[in-house]
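Numbering (my numbering), first residue to last: 223 to 416.
Treat the hints with caution; some may be incorrect.
[What the hints assert, rightly or not] 30 angstroms max Cα-Cα, derived DSSO-like pairs, lysine-lysine:
#: 1; residue 1: K319; residue 2: K341
#: 2; residue 1: K399; residue 2: K319
#: 3; residue 1: K292; residue 2: K319
Please keep in mind that the hints were generated in silico from the structure rather than gathered at the bench. Keep in mind that this is a model prediction, so the values were computed, not measured.
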Amino acid sequence: RAGLPERVAEGEQDLAYLDEMTEMIELAEGYEDISLTARELADLDKPPAPQKPVKAKQKAKPGTPPGLGKLLRVLSPDGIEVYIGKSMKQNEYLAFKLAAPDDIWLHARGVPGAHVLVKMRGLPQIPQRTLLYAAGLAAGRSQARHSTAAEVMYTQARYLRKPPAAPPGTLLYSHEKSIRVPPILPEVDRKDKD
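Model the full assembly from the supplied sequences, consistent with the hints where possible.
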């Protein structure tokens with residue numbers, strides 16, 4: 223019995239991760255997206271690579287790291303950059319490397335789905351049209367995409383943290399607010415970031 227609660231918690235975390243991976247496969251738009259998820263699943267059996275120490279304020283360098291695939295980038299109705307994760311590793315990259323502390327992170331509440339990041343670039347607050355658009359994208363890239371409306375939570379990236387030993391894309395958040403929106407898919411004229 224010793225250690226049983228910890229093992230149950232690990233099993234629940236693993237199950238939630240596999241639910242997220244299943245959702246990423248269902249949302250895949252082509253071979254590249256499916257290939258990203260397949261590589262992530264294959265990496266589950268590999269021991270973790272040794273990590274270099276990370277400096278406290280280290281942020282993403284221009285371009286996407288190799289093996290991550292192209293990030294989905296769209297512009298909101300206000301012309302603000304919005305990024306959408308297409309895999310668990312992209313979700314993690316958006317939250318912990320690409321995000322500045324004031325950027326807005328969004329995710330559909332209570333269901334597997336993509337992480338969405340709004341780049342604030344010095345704006346004092348997120349414009350309402352951009353918030354509704356980004357929340358709709360988060361809902362549209364989640365298990366709630368077939369609902370008439372979905373609850374989406376959002377918070378500043380400064381309030382995101384990675385739990386110890388958690389799989390890619392898993393995070394904890396605080397100071398969240400929520401909004402109920404109809405799901406939408408990204409516009410056809412989206413621009414992929416290299």
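Now for the hints, and whether the structure bears them out:
1. K319 to K341: holds (12 angstroms)
2. K399 to K319: The given pair, whose Cα atoms are some 22 angstroms apart, holds under the 30 angstroms limit.
3. K292 to K319: OK: K292 and K319 at ~15 angstroms, within 30 angstroms.
This entry satisfies every hint, going by the numbered hints stated previously.
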